[in-house]
Amino acid sequence: MSLDPRVNRIDLSKIGNEEQHTNSHLITWEVFHQEKKGKQVIHVGIVHASNPEMALVLAKEQFARRGATTNIWVAKTSDVYSFSYEDEDIFETTPSKEFREAGYYKVRDRIEAYQAKNHTV
Amino acid sequence: MNKEAIKELLYKMGDDALIIGHRNSEWTGIGPLLEEDLAFASMAQDKVGHAQALYQISHEVLGDKDPDTIAFQRTEKEFKCCQLVELPIGEYDFSLVRHFLFDHAELIRYEMLTASSFKPLAQLAKKVKGEIKYHVMHADSFLKQLAKGTEESHARMQAALNFAMPFAYGIFEKSEYEDVLIKEGIFGGEEMLREKWLEKISAVVTAAGLTMPQVADSKIVYGGRKGYHSKFLEPLLDEMTEVTRTDPGAEW
Amino acid sequence: MYGNTHLTEEEAKRLNVTDEDPEKLAAFEAKIDRGEKIEPGEWMPKEYRKQLLRMIEQHAHSEIVGALPEGTWITRAPNFRRKLALIAKVQDEVGHGQMLYSAAETLGKTREEMLNDLMNGKSKYSNVFNYPANTWADIAVIGFLVDAAAIVNQTINSKGSYGPYCRALERICYEEAFHLKQGHDNFVYLATGTPHQRAMLQEAMNRWYRPLIHFFGPPDRNSKHSEKLMKWKVKLASNDAMRNQFLDMYVSKIQEVGITLPDPNLHKNADGIWEFSDPDWDEFKRVSGGDGPCNKERLEVRRYAEMAHRWVREALMNPSDKYKIPLA
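Protein chains in written order, with the working numbering: chain A, 1 to 121; chain B, 1001 to 1252; chain C, 2001 to 2328.
To be clear, the hints were calculated from the coordinates, so they are not data collected in a lab.
Among the hints, erroneous ones may be present.
What the hints assert, rightly or not - Covered stretches of chain C (chain A as the covering partner; in silico rule of three or more C-beta atoms under 8 angstroms from a C-beta of chain A):
| hint | region |
| --- | --- |
| 1 | 2038-2044 |
| 2 | 2094-2102 |
| 3 | 2107-2115 |
| 4 | 2126-2140 |
| 5 | 2287-2301 |
| 6 | 2310-2320 |
Stated by the list, open to error - Taking lysine-lysine pairs in the DSBU-like style, the calculated list, with each CA pair at most 35 angstroms apart, reads:
| hint | chain 1 | residue 1 | chain 2 | residue 2 |
| --- | --- | --- | --- | --- |
| 7 | B | K1133 | A | K39 |
| 8 | C | K2253 | C | K2181 |
| 9 | A | K37 | B | K1200 |
| 10 | C | K2122 | C | K2285 |
| 11 | C | K2046 | A | K76 |
| 12 | B | K1126 | A | K37 |
| 13 | C | K2296 | B | K1231 |
| 14 | B | K1127 | A | K76 |
| 15 | A | K76 | C | K2024 |
| 16 | B | K1065 | B | K1007 |
| 17 | B | K1133 | A | K37 |
| 18 | C | K2159 | A | K97 |
| 19 | A | K14 | C | K2324 |
| 20 | B | K1127 | B | K1003 |
| 21 | B | K1148 | C | K2322 |
| 22 | B | K1231 | A | K14 |
| 23 | B | K1129 | A | K39 |
| 24 | C | K2024 | C | K2046 |
| 25 | C | K2050 | C | K2122 |
| 26 | A | K39 | C | K2181 |
| 27 | C | K2233 | A | K76 |
| 28 | B | K1148 | C | K2109 |
| 29 | A | K76 | B | K1148 |
| 30 | C | K2322 | C | K2233 |
| 31 | C | K2124 | A | K76 |
| 32 | C | K2122 | A | K14 |
| 33 | C | K2037 | C | K2231 |
| 34 | A | K37 | C | K2037 |
| 35 | A | K76 | C | K2159 |
| 36 | B | K1133 | A | K36 |
| 37 | A | K36 | C | K2159 |
| 38 | C | K2122 | C | K2322 |
| 39 | C | K2122 | C | K2159 |
| 40 | C | K2181 | B | K1127 |
Backbone N, C-alpha and C define an ideal beta-carbon position, used for all residues, glycine too.
Put together the whole structure using the sequences plus the hints.
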């Protein structure tokens, strides 16, 4: 007798006697979550499922059972492409490209110098 | 409005939701796929929540006892759930098919209730019909796939459907207040619900490649709505109230 | 929920990195020193992969087996509030298992291979789940204190070096905050309730004291976690340090509602270190070796879940689908 009444209702003979192994696996789906409209859709994890419909249905309960959600996307893992981390160096100099950043452009000094010189203030 | 009629309706809906939620919560941790455990557990929570909300309406609007007392301190005879929801979870095939049959009826019932002349119920119906829509989506998705999966899964789905159908028709057993509910615009009635349901599930069942079982009227399992239950409800209630009964009056 | 991982002496001896490319190894270790995370697909030492996989896998098993002791009372929760909380809580444990198996999958072992190893006894789960939940009060103690212990452990591990594991743990810790609160709520209701409720809680506390002390694993003097694992940020704190943190945080919260701990020697010494009676580490070894009160049932139920539902998964599979290791 188990302390768990649910277990007492289970037919444990279903287990069988041979070496136990479960069968091979479903494919995985990458799951993307959007909290509300206007927000980015963000990768949150994966689910195991056999088709997009099932992946969505199952992703809802794994990744949207708390807080706000407005949509979920799924894509087969095998359909998502990425760089290799070995090529991470292609991004290395990006942060140093300051000419792309707003903060790089500072002309206040020149304006003040100009104004001082020309007595415009 | 007829208070007795409303109470009857709230109880039968609440009891259905409580008992099927209770049953489906049993899958938590032992389901066929981790993701599916999660889905069953969520739907179980939704159902238990619906029961609580329905009893709460009875408590607030009709001056009834509080939801915990209604759920945990009634006798088996006082429960008005249909027998379909009382049956043990069995194997996954039965649990899935029961969930499919029950939730299609729930969705239509709540859709009908959004127009109820009894405002608290209409409001609740608007609030929760999205949840039930998801339950139906989930049930349809799995039913279709398993019906079309392997020979074994197809046979299991058909067998579960054949077994569950006479119980499912029992959902629509009329209470003595049926005419009052319809006349006062509280609920459109079990007959209308049953027709819409039959149309809906027939379409899904057929599309899944399964056969709709023909059920003779004499085989339909009635009784639940009048307090006559299967042999499974009493032990279920004993189990559910086991802790509460050890110390009546204690707060948990 | 999770107990701590530890290496046996044998395993610690086998941990070697001599056959790794020294240049790659140095670059890898430099990344970790700089506080960078490692992501799937990056080069990593074989031992790093192996130990991480072993740890995450054990953690995942602990979550899904951990759903069973609390599941014992899922049909008997005494009111709506507790019923909903318990279903949601046990559900979360399964959800944590799902996320952790996913993190482990990125290291190259499928969920099914992991489940097979669980069923065949090749891989372990936390010892604490081999104990029974005898009464409703056990649910309060597990929900409050086993979860509290797990949070101590998981919060520390979430600062580790492997990206997918850290991400999973962050989410898990967030959800565990609810577990702890609902467990504490339940604990306080029983402690401040009727004499019957107080008595059942005290009995449950007495039962769980030792498993809780065991939770973080053997004392550091017996546990051979190599310096390598610390350096690689696979392991981040010693068993004793975590146990001490747990006692520091929770002993007072147990005692403030008049519940006692069944150990006359339990006290904090002048150095801020908790001391306690010998918790019988032989029992710990015996139970983790398979001879505990519930080991057999836990594995049988898990086997049932897998074996009775083979037909479901078989029906869902598409023969043309090719499994690919998840990305993150």
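Hints and how they fare:
| no. | hint | verdict |
| --- | --- | --- |
| 1 | 2038-2044 | holds (count 4) |
| 2 | 2094-2102 | holds (count 4) |
| 3 | 2107-2115 | holds (count 4) |
| 4 | 2126-2140 | holds (count 3) |
| 5 | 2287-2301 | holds (count 3) |
| 6 | 2310-2320 | holds (count 6) |
| 7 | B:K1133 to A:K39 | holds, 25 angstroms |
| 8 | C:K2253 to C:K2181 | holds, 12 angstroms |
| 9 | A:K37 to B:K1200 | holds, 32 angstroms |
| 10 | C:K2122 to C:K2285 | holds, 16 angstroms |
| 11 | C:K2046 to A:K76 | holds, 28 angstroms |
| 12 | B:K1126 to A:K37 | holds, 22 angstroms |
| 13 | C:K2296 to B:K1231 | holds, 31 angstroms |
| 14 | B:K1127 to A:K76 | holds, 33 angstroms |
| 15 | A:K76 to C:K2024 | holds, 32 angstroms |
| 16 | B:K1065 to B:K1007 | holds, 12 angstroms |
| 17 | B:K1133 to A:K37 | holds, 21 angstroms |
| 18 | C:K2159 to A:K97 | holds, 31 angstroms |
| 19 | A:K14 to C:K2324 | holds, 31 angstroms |
| 20 | B:K1127 to B:K1003 | holds, 23 angstroms |
| 21 | B:K1148 to C:K2322 | holds, 20 angstroms |
| 22 | B:K1231 to A:K14 | holds, 25 angstroms |
| 23 | B:K1129 to A:K39 | holds, 26 angstroms |
| 24 | C:K2024 to C:K2046 | holds, 12 angstroms |
| 25 | C:K2050 to C:K2122 | holds, 14 angstroms |
| 26 | A:K39 to C:K2181 | holds, 30 angstroms |
| 27 | C:K2233 to A:K76 | holds, 31 angstroms |
| 28 | B:K1148 to C:K2109 | holds, 30 angstroms |
| 29 | A:K76 to B:K1148 | holds, 21 angstroms |
| 30 | C:K2322 to C:K2233 | holds, 33 angstroms |
| 31 | C:K2124 to A:K76 | holds, 31 angstroms |
| 32 | C:K2122 to A:K14 | holds, 22 angstroms |
| 33 | C:K2037 to C:K2231 | holds, 13 angstroms |
| 34 | A:K37 to C:K2037 | holds, 31 angstroms |
| 35 | A:K76 to C:K2159 | holds, 30 angstroms |
| 36 | B:K1133 to A:K36 | holds, 20 angstroms |
| 37 | A:K36 to C:K2159 | holds, 29 angstroms |
| 38 | C:K2122 to C:K2322 | holds, 27 angstroms |
| 39 | C:K2122 to C:K2159 | holds, 28 angstroms |
| 40 | C:K2181 to B:K1127 | holds, 28 angstroms |
Against the hints set out earlier in the document, no violation occurs for any number.
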